[in-house]
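A.B. asks: Listed below are the residues making up each chain.
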Amino acid sequence: MAALQTSAPPVPSGSGGRTIGKRKRKRTVAQRFRSDWPLLLMTLPAMAQLAVFFYWPSAWNIIAFMDYSPHRAFWENPLVGFAWFERLFNNPYFVPALLNTLKYSFANLLFLFPLSIVLALVMHSVVSTKVRSVFQSIVYLPYFFSWVLVVTVFVQTLGADGLVSNWILGFGGDRLTFTSNPDTFMFLAWLQWAWKDAGWGMIIFLAALASINPSLYEAAAVDGASRWRRLWHITLPGIRPVIVLLLILHIGGILTVGFEQYQLQRDAIGYQTTEVLDTFIYYRSVIGTEGASFGTAAGLFKGVIGLILILIANNVAHRLGEQGIYQKS
Amino acid sequence: MATPSDGSIFRRRSLLKAAGLGAAGAAGLPFIAACSDIESGSGTSQTTDGFDFLPEYKEWPLPVEPDLVGEPPNHPSGFTTYPEPVPAIENLPSNSGTFEITMPMWGEAPSNDDPYFAAIAEASGGTRVDLRQADGMTYAETSVQWLNANEFGDGIMFFAWMIASHPNFQETVVNTFYDLTDIVKGDISERWPLLAGLPTASWGQSVWSTDPNDPETARVFAIPGSFSGGSNNAMFARTDLLEEKGQALPTSVEELLEVARAVNDDAGGRWAFGGTDYLTPAWFGLAGGDGWAYIDGKLVHNCERPEYTEWLEFRRTIWDEKLVHPDLPSGTLDGQALHKAGTIVFQLDGISWWQGFIDQSTAEGTGGTIAPLGALAAKGRKPLVHVNTSVDSWTFLNKDLSREQVEEFLDFCNFASAPFGTTEYELINYGIEGTHFTYGPDGVPVFNEVGTTVVQAPVNHKTISGHVQQFLTGAPDMVQARFEYNASLLEFAEVNIFEGMRVEGPADFKSAGQVLIDQQNDIAYGRADLSSIPEMVETWKANGGEAGREHYTAAYDKLHG
Numbered sequence: 021m022a023a024l025q026t027s028a029p030p031v032p033s034g035s036g037g038r039t040i041g042k043r044k045r046k047r048t049v050a051q052r053f054r055s056d057w058p059l060l061l062m063t064l065p066a067m068a069q070l071a072v073f074f075y076w077p078s079a080w081n082i083i084a085f086m087d088y089s090p091h092r093a094f095w096e097n098p099l100v101g102f103a104w105f106e107r108l109f110n111n112p113y114f115v116p117a118l119l120n121t122l123k124y125s126f127a128n129l130l131f132l133f134p135l136s137i138v139l140a141l142v143m144h145s146v147v148s149t150k151v152r153s154v155f156q157s158i159v160y161l162p163y164f165f166s167w168v169l170v171v172t173v174f175v176q177t178l179g180a181d182g183l184v185s186n187w188i189l190g191f192g193g194d195r196l197t198f199t200s201n202p203d204t205f206m207f208l209a210w211l212q213w214a215w216k217d218a219g220w221g222m223i224i225f226l227a228a229l230a231s232i233n234p235s236l237y238e239a240a241a242v243d244g245a246s247r248w249r250r251l252w253h254i255t256l257p258g259i260r261p262v263i264v265l266l267l268i269l270h271i272g273g274i275l276t277v278g279f280e281q282y283q284l285q286r287d288a289i290g291y292q293t294t295e296v297l298d299t300f301i302y303y304r305s306v307i308g309t310e311g312a313s314f315g316t317a318a319g320l321f322k323g324v325i326g327l328i329l330i331l332i333a334n335n336v337a338h339r340l341g342e343q344g345i346y347q348k349s
Numbered sequence: 047m048a049t050p051s052d053g054s055i056f057r058r059r060s061l062l063k064a065a066g067l068g069a070a071g072a073a074g075l076p077f078i079a080a081c082s083d084i085e086s087g088s089g090t091s092q093t094t095d096g097f098d099f100l101p102e103y104k105e106w107p108l109p110v111e112p113d114l115v116g117e118p119p120n121h122p123s124g125f126t127t128y129p130e131p132v133p134a135i136e137n138l139p140s141n142s143g144t145f146e147i148t149m150p151m152w153g154e155a156p157s158n159d160d161p162y163f164a165a166i167a168e169a170s171g172g173t174r175v176d177l178r179q180a181d182g183m184t185y186a187e188t189s190v191q192w193l194n195a196n197e198f199g200d201g202i203m204f205f206a207w208m209i210a211s212h213p214n215f216q217e218t219v220v221n222t223f224y225d226l227t228d229i230v231k232g233d234i235s236e237r238w239p240l241l242a243g244l245p246t247a248s249w250g251q252s253v254w255s256t257d258p259n260d261p262e263t264a265r266v267f268a269i270p271g272s273f274s275g276g277s278n279n280a281m282f283a284r285t286d287l288l289e290e291k292g293q294a295l296p297t298s299v300e301e302l303l304e305v306a307r308a309v310n311d312d313a314g315g316r317w318a319f320g321g322t323d324y325l326t327p328a329w330f331g332l333a334g335g336d337g338w339a340y341i342d343g344k345l346v347h348n349c350e351r352p353e354y355t356e357w358l359e360f361r362r363t364i365w366d367e368k369l370v371h372p373d374l375p376s377g378t379l380d381g382q383a384l385h386k387a388g389t390i391v392f393q394l395d396g397i398s399w400w401q402g403f404i405d406q407s408t409a410e411g412t413g414g415t416i417a418p419l420g421a422l423a424a425k426g427r428k429p430l431v432h433v434n435t436s437v438d439s440w441t442f443l444n445k446d447l448s449r450e451q452v453e454e455f456l457d458f459c460n461f462a463s464a465p466f467g468t469t470e471y472e473l474i475n476y477g478i479e480g481t482h483f484t485y486g487p488d489g490v491p492v493f494n495e496v497g498t499t500v501v502q503a504p505v506n507h508k509t510i511s512g513h514v515q516q517f518l519t520g521a522p523d524m525v526q527a528r529f530e531y532n533a534s535l536l537e538f539a540e541v542n543i544f545e546g547m548r549v550e551g552p553a554d555f556k557s558a559g560q561v562l563i564d565q566q567n568d569i570a571y572g573r574a575d576l577s578s579i580p581e582m583v584e585t586w587k588a589n590g591g592e593a594g595r596e597h598y599t600a601a602y603d604k605l606h607g
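Sequence lines, in order, name chains G and W.
So for the first sequence, my numbering puts the first residue at 21; every next one is plus one.
So for the second sequence, my numbering puts the first residue at 47; every next one is plus one.
What the hints contain is simulated information worked out from the structure, not anything from laboratory work.
On a predicted model such as this, the values are computed, not experimentally measured, just so you know.
We put the CB at the ideal spot given by N, CA and C, even for glycine.
Treat the hints with care, since some could be wrong.
Said to hold, decoys possible - Pair by pair, the computed Cβ-Cβ distance ranges are: (1) Pro161/W with Leu169/G: 33 to 41 Å; (2) Ser157/G with Asp523/W: 51 to 59 Å; (3) Phe102/G with Gln406/W: 51 to 59 Å; (4) Thr177/G with Gly182/W: 23 to 31 Å; (5) Gln406/W with Thr63/G: 57 to 65 Å; (6) Ala588/W with Met62/G: 54 to 62 Å; (7) Asp405/W with Phe102/G: 54 to 62 Å; (8) Glu592/W with Met206/G: 34 to 42 Å.
Pulled out of the complex, with its shape left as it was, chain G reads as follows:
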């Protein structure tokens, strides 16, 4: 059976990646600009957008090292070194928030990420396009619901005075405490992720599945490959680059698990279970009194850790022969 090509052709061994005898004379910057200026011109709007909405705000990360006040001229804000970071790391609620963040992030990675893949594979195997489109719509529609709506639906359904509780009560049972029990919050959170986000993840994997050449399946079927064999040897390798890409991006965002889901259920579940880094920053910096510098220091911490994790994950992906988030030159 022909193996599916999922990455760039291998470089002939011993060549060192150089094409001897065909080396072009290096062009000067001016020469390159003369030939490429239309391309550069086309990138200008995107560059401007990035500069205004990303790089300029990113430059303001410097206030993490200042005792910043918006009411002073920028240069009049005193530098305080790593004092805000010190205050952040010394805060007794920072480490629990960090641990909760990691806990939910890894749980999301372990239990939701594969669910999206499984859903995509199930959808891919449905032959009827009508059934597929209906199922697809039902599954990914909740992605567009706000967290307020999601939490409300769960309370109305599984809350102590919800639909299921009252039904159980009718049979002489007890009310559910599911939506206010910190011990079962992880399962509740997983249900909420599954309902809201799994469908969206599925769409991305479905797009990847659509790019697999159908003749590969036909050839495999002719060769006598079973459904599982086709899944294992064609489908999964076919979407592996996308899986790796999303996995790397997910790992990069490991300290960002969302905000509303935890903030909305804070009173019901308790702060010890629902305090994640984003709610920690919100309660202390955004609506709290620690000020913008403290929040920026926390945000910068998240960003640096995320960047390091992305670089490590990408490097590992490259070493394993995967493309990662960019094609290695």
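Starting from the known structure of chain G, fit chain W onto it as the hints suggest.
C.D. replies: The following block gives chain W in isolation, referenced to the frame of chain G:
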């Protein structure tokens, strides 16, 4: 020598990059390390009386005296009849300016195109004040960023409780808003007689110092709202449901528990309580405001007092006995709807819910009667009632306005300060006769549908500046009932130990307070035991509580010597 692999840091380009980054880091570190300490968020205290630059008080004679005479501010006087309104302003100014003022709105904001707004502009002398109404639920928090970005139009209105959401409100005020001192100083009664009739204490509470450590830098930065006094909140009981069960209104915490047990039916979907987080601390004698009481020669915070444990024990008891709606912690309940439906018997709400319940249950035909519980206390102690200690609100003007613009806006504020019994008050509070209201059989204006939508909102031009006097007005029965209710609370009103001073706590103290609220909820909703209170208090002390005590003690000493 072997060629370094692509990933090696020994490649020439990688080495240069690493060297560059290292050099930048090495250069930056001393720059970052040679630094001062964090000074922001250390809290402020501001004296609010004894100034010689406030507007000189000139009593503005009321056109008609109230028939129920109380003891303002905690027990305001009231009108049980509607007088024939008379004009308050004799010499109408001739203005043409337009202002945009940001203010909170709970519910759907009406269009500024309604004739109500045009009529107000005309009646005020030509000044048009367009309202930029933002969601009241998030107003306090989001306003921090509007102020930082100078995106709040020509002015902004804040209720007094909202300023606690600002990290350093003193710094914000003196850097963002117009300094009114030179305009309002001294005798302003000729041009703005109604503003001159506002209590001196209200103007005093509109003062902030540009340097918190230098009393000489104090200036007037805001136009004060009304000084309502009294209690704004109450625990409302469904008296019809109590009667059904043969229960009377409870007069103590112990009685309340008994009544709650009698009316509660968990399996049947009826619970005694919804929220009990605010107001209830007063039943146990705990302090209002930032929670400080002066006991045995020092400031003691609520959480350090034995009554605090009693209060949490009460909240835990009603939770354990299933006397509280089980989905309350989810924050998704509509308490007022559940109270109307009889699902919740005791509803903790603003005092306006008294009239609101009657209006809504009459309109919807749901029926039922409610009444507020009086001053309650536990264990036979004397009750305590938390009361307002400052003006209700302020309107701040953008510092970019010109002096002429500010003066014109003060013309408008003078118009908006007209009290009950004037045509100006009637227009602002009820709208245009025939368009927004009609007179009822007892002569009291009654809103029609348009009036309810456009004018009845509790926050609009009517809160831009304070009234020279604040009265109980409206349906005669309700005025009488509220007058008697206020009278019954009067002797239990809490004495403000920081009277004459506005204290803003340090950032750490506020952060520790937020954690304390979370921990209180843990106990109240059964997630932590009462035995964890001592540990909670120690944590609070270590993480900002003691710093708070130091700051508030310094302020207290400054005030009391």
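A.B. asks: Please go over all the hints and tell whether each is borne out by the structure.
C.D. replies: Hint-by-hint comparison with the structure:
For proline 161/W and leucine 169/G, the Cβ-Cβ distance of about 37 Å falls inside the hinted range of 33 to 41 Å, so the restraint holds. In this structure the supplied range 51 to 59 Å holds for serine 157/G paired with aspartate 523/W, their Cβ-Cβ distance being about 56 Å. A beta carbon spacing of about 56 Å between phenylalanine 102/G and glutamine 406/W agrees with the range 51 to 59 Å that was offered as a hint. Take threonine 177/G and glycine 182/W: their Cβ atoms lie about 29 Å apart, and the range 23 to 31 Å holds.
Hint check: glutamine 406/W to threonine 63/G, Cβ distance near 59 Å, so the stated range 57 to 65 Å holds. The beta-carbon spacing between alanine 588/W and methionine 62/G, approximately 59 Å, falls within the hinted interval of 54 to 62 Å. Against the hinted window of 54 to 62 Å, the Cβ-Cβ separation of aspartate 405/W and phenylalanine 102/G comes to about 58 Å, which satisfies the hint. Distance hint check: the CB atoms of glutamate 592/W and methionine 206/G are about 36 Å apart, consistent with the given range 34 to 42 Å.
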